[in-house]
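Line by line, the protein sequences are chains S and B. So the first sequence is numbered by our numbering: it starts at 1 and just counts up by one. So the second sequence is numbered by our numbering: it starts at 1 and just counts up by one.
In short, the hints are calculated from the structure, not lab data. If you're wondering where the values come from, they're calculated on a predicted model, not measured in any experiment. Incorrect hints may appear among the rest.
[What the hints assert, rightly or not] A partial selection of chain S residues facing chain B, derived with a Cβ cut-off under 8 Å:
{"#": "1", "residue": "185"}
{"#": "2", "residue": "466"}
{"#": "3", "residue": "504"}
[To be verified] 27 Å max Cα-Cα, derived DSS-like pairs, lysine-lysine:
{"#": "4", "chain 1": "S", "residue 1": "145", "chain 2": "B", "residue 2": "176"}
{"#": "5", "chain 1": "B", "residue 1": "178", "chain 2": "S", "residue 2": "238"}
{"#": "6", "chain 1": "S", "residue 1": "190", "chain 2": "B", "residue 2": "153"}
{"#": "7", "chain 1": "S", "residue 1": "487", "chain 2": "B", "residue 2": "123"}
{"#": "8", "chain 1": "B", "residue 1": "264", "chain 2": "S", "residue 2": "145"}
{"#": "9", "chain 1": "S", "residue 1": "301", "chain 2": "B", "residue 2": "176"}
{"#": "10", "chain 1": "S", "residue 1": "150", "chain 2": "B", "residue 2": "56"}
{"#": "11", "chain 1": "S", "residue 1": "150", "chain 2": "B", "residue 2": "395"}
{"#": "12", "chain 1": "B", "residue 1": "39", "chain 2": "S", "residue 2": "333"}
{"#": "13", "chain 1": "S", "residue 1": "237", "chain 2": "B", "residue 2": "178"}
{"#": "14", "chain 1": "B", "residue 1": "176", "chain 2": "S", "residue 2": "334"}
{"#": "15", "chain 1": "S", "residue 1": "348", "chain 2": "B", "residue 2": "218"}
{"#": "16", "chain 1": "S", "residue 1": "237", "chain 2": "B", "residue 2": "87"}
{"#": "17", "chain 1": "S", "residue 1": "150", "chain 2": "B", "residue 2": "203"}
{"#": "18", "chain 1": "B", "residue 1": "262", "chain 2": "S", "residue 2": "145"}
{"#": "19", "chain 1": "B", "residue 1": "218", "chain 2": "S", "residue 2": "150"}
{"#": "20", "chain 1": "B", "residue 1": "264", "chain 2": "S", "residue 2": "238"}
{"#": "21", "chain 1": "S", "residue 1": "376", "chain 2": "B", "residue 2": "123"}
{"#": "22", "chain 1": "S", "residue 1": "150", "chain 2": "B", "residue 2": "123"}
{"#": "23", "chain 1": "S", "residue 1": "148", "chain 2": "B", "residue 2": "176"}
{"#": "24", "chain 1": "S", "residue 1": "334", "chain 2": "B", "residue 2": "225"}
{"#": "25", "chain 1": "S", "residue 1": "326", "chain 2": "B", "residue 2": "38"}
{"#": "26", "chain 1": "B", "residue 1": "56", "chain 2": "S", "residue 2": "148"}
{"#": "27", "chain 1": "B", "residue 1": "70", "chain 2": "S", "residue 2": "378"}
All C-beta atoms in this analysis are idealised placements derived from N, C-alpha and C, irrespective of residue type, glycine included.
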Amino acid sequence: MVGDWRRRPVGRERQVESQVPWSGTIGTRIEAMATTSRRTCVGTTLTEISETEQRIQANGITSRLGCRVNNNGYAKAHPANGHPRFIRESKDEKENRTYPIKLSKYNESFEKVPFITAALTHFGFYILMFLGFINQLLFTPNVAKERKRKGYAPLYENFEQFYLRYVYRRVRDCWNRPICSVPGATVVLKDRTTNDYGWTFEFTGTETKCINLGSYNYLGFAESTGPCAEESIRTLKKFGCSSCSSRLELGSMPIHNELEQLTARFLGVEDAIVFGMGFATNTLNLPSLVSAGSLVLSDEKNHASVILGLRLSGAIIRVFKHNNVKHLEDCLKKAILLGQQNTGEPWKKIIIVVEGIYSMEGSIVHLPEILKLKKKYKAYLYLDEAHSTGAIGKRGRGICDYYDVDPREVDILMGTFTKSFGSAGGYIAGTKVANILRNKHKNTAVHLFNSAFLQTLINYLRVHSHAHSYAMSMSPPIAQQIITSMKIIAGEDGTDAGKKRTKQLARNTRYFRRKLNQIGVITYGNENSPVVPMLVYLFSKIGSVVRTLTTRNIATVGVGFPATPLMEGRIRFCLSAAHTKEQLDYVLKNIEDISGTLGLKYSNKPRDPNPIEYYSDSETE
Amino acid sequence: MTTKLIFLESIDILGTIPNYHTLLFVFSIASLIWFFIKKQSQSVNNQATTDECDRKLEEWRPEPLISEIKKDHPSLTPKTITSRVGKRIIVNEYDCLNLGTHNYLNLTESAEIEQEAIRSIQKYGVGSCGPRGFYGTVDVHLRLEERLAQFMKMEEAVVYSYGFTTIASAIAAYCKRKDLVFVDEKVNFAIQKGLDASRSNIKFFKHNDIDHLEQLLKAQSGLHKTNSQGVETTRKFLIVEGIYMNTGTICPLPELVILCRKYKLRIFVDESISFGTLGATGRGITEHFNVPRHEIDMIMGSLEHAIGSVGGFCVGSSFIVEHQRLSGLGYCFSASLPPLLATAAIISLEIMDNKPQIFQILKENCHKFHRGIKEMDIFECPSFAESPVQHLYLKKQLDNEKEKELLEAISDKCIENNLAVIVPVYLNVEREQPRFSIRICISSSLNQNDINFALNILNKCANEVL
């Protein structure tokens, strides 16, 4: 029966078709369902359970049945449905099952570059540099000259200028491309051309519609129609674009409070505070949380805003290897053992700063291990969920949801609204620190609760945050977009539209990543991360891939030195719930084509010879 | 015989070869032994350090993540705004005349801007879903940059998505370690953060004191290395505000420019307040003083004040501004400005271009207000007469906390009497705690009645409180 299911066509037709064999009353359906579920449970493979579940969903009675695959591997059914037996399993069975699922959450791949490619990459880069050098001797354009500042110290470093003008310029057309539509599943690029090899650009007046794999539109909320846009327009009409004041002066509107409460509820913590810009959320709040005398252990691939925020804080920063829990533990041990740099005194506090999904690597943080370390070494954890909130986890609540970890265990949850919510701004959320403290110092807790003092992270930020006091409050229509989209994701709008989106994104991610592996290109990162970097190594290949894909109406992003190590030029695909299977197939077909002609099939891993199913995998939930 | 000869010969050969190989052999054995012994002792060491680590960990009491705050701290209950921010504003349910927010031209109430912003949502959606580099450059951003450059008659403009970050990022993009930066001591918090990020060598000069600046410059000249052409290799910058956010005073730009040329400084001006307010057509402080704009290396401004949108911008020559597109952290690594806000800013610029008379009205309002305040005997106001931001300090100087308390009582009383004025919020991490004041933001939408009303209420409330 289950095998039969696999062969059915995907997409909408499947759903329609699936109605046929189940055409009875709901009651009989449930009964039938329970039998199937039991049967598949005996089979003990997760794939089957989840398929059953998909089937249930296809019949539109999910909410009542509530049968789900939990991450630790046993299916849960609502007791009201009258089949409690179905969730009871022997302990052994449970343990046996946890293993493959846990493993799949950590399934990350960072394939080594083949030696010959490494050598070629270096060689290619030096050729570029050499040509650039000759070019510089022969030609300096007007834009590169400063006027009326004779006798001044040169404004820029020589190498930096040389690199930007004579190396980067050759591929400059691959970035900063102007668009003139919603950055949704497709995007309309404004064509431009250059007559002077990248120094200046002119618009040709034509437009190209491309499939958009460049924008961070994970859940597809970049929309110009629909409830989000309508609600935002309504708010814009009522409150205008801006309050022209900071939150603590005359910029606090009820909409901000509503958003803060909703965010806290969404993330499962007590309180949250929101800011008008995601970048500023990191840079303007980290300095009020860490100070001189504290130690910060920061992942080497952390975002620029985190690094800037830490630099502003004056704390000592030590960098640990990307997502390497063992190295982090070594750093922690060393910090405890040696204390502060010069004096040897113990550190005031140690803060671990990590991101949920790393936007350039596509990797997912090993949160459970880091939480263990944090507890063991009495450190605090700052988790930047810029890319993960909304985009990952069964219910789209981010990394904590993905690993099924209590979000209150993370001291500081930070995230942005730009990506999954299709808006702008950022938040910091957290729980009462006093609760955590109580466990640590039992005697001080009494004092904390009885005094006139309050010790909660978010209230502390309300008093001390730079952004809260000085920077402009969030624009009302921007806040409204977040509220509407967040309610949809959380299902508070009364529909399952949000659930469909998170599911669609997970499916797209799995399908796209697996297909890419089958093609034989090297991709980095976790199997479940919607950010997919495809390694092309050579600097010049970044340019050629981006350009070739554009001619085939696919918009992607290339990333090269200095944003990545010299050796690791890459193309990055950002998947979205808005992409359809047909669109992804079109993209994959073209990638396959060009990876042959441009030589991108670097991978030495064995390839899966079976066709990849779009709907069939167990981990879509 | 032959075998014997071969044997002897080989013995001979052995004798002639120097015994390097033996030495090498002994050496490698020795190093291997040393390596193993070391490893062994290290593992013993490791055990010792783990124990010590555990012991230290046991003893260690880390500080709490955050410090305590008072339950009744005023920042926890900010004033709630329940209306659109325009000429009038509803603060804590009092319908007030708005003198508290920075909408100097009252463009937040423009129906035209609202219409275009709605159209923008219908075309582009709300967010831009990406940084400028990665498909976050919407055509309205380019149009806004072009309009700003045109408006200021400079080569190029760059738009950021947040006012605070604009200034902090732009400064840190140019000023690096070992550079020398001269800064007025009263600069706003955003500039202070930009300077922190730059890690340059910073010299503060007394507020608007040209002589003090020149002294500092003289002391510095000749101290630095020169290159082969006799040009000093240390970059020098001067950073000032057009109108100071924290005092309302204007900077003496012409004198500063002369000093800059003399001592080879590059000058950056933060025109967050003066852009769109000063000068006959709102071009800012350069127009006010009639200073040629190419004398200023870069002008930084905000779209959050006169323009009535969100964001910030920098204008200058292409040589300078272009650099930020890859080095301005807040530009490169942040999502771009939502298109609807960029559209709103474009329309604001158009209104400013088409209705230069609003600047005249604003200027008159500022003068009227300034005169009115000067007549009051409770407050003193060192702010510039044409500045839309006026700071009212208590004439009788008390200690800082006491002053804050009194001023906040006055401002609360004003709000109860339907006049929204505020005491600006400063954090204690400011380089130098600014003196507390009542800050008044004057708008072009006020008429004579409003001004009289505001002055009366201010006077009345101040007298009641003091």
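query = Checking against the hints above, which ones are violated?
reply = 1, 3, 5, 10, 11, 13, 14, 15, 20, 21, 22, 24 and 26
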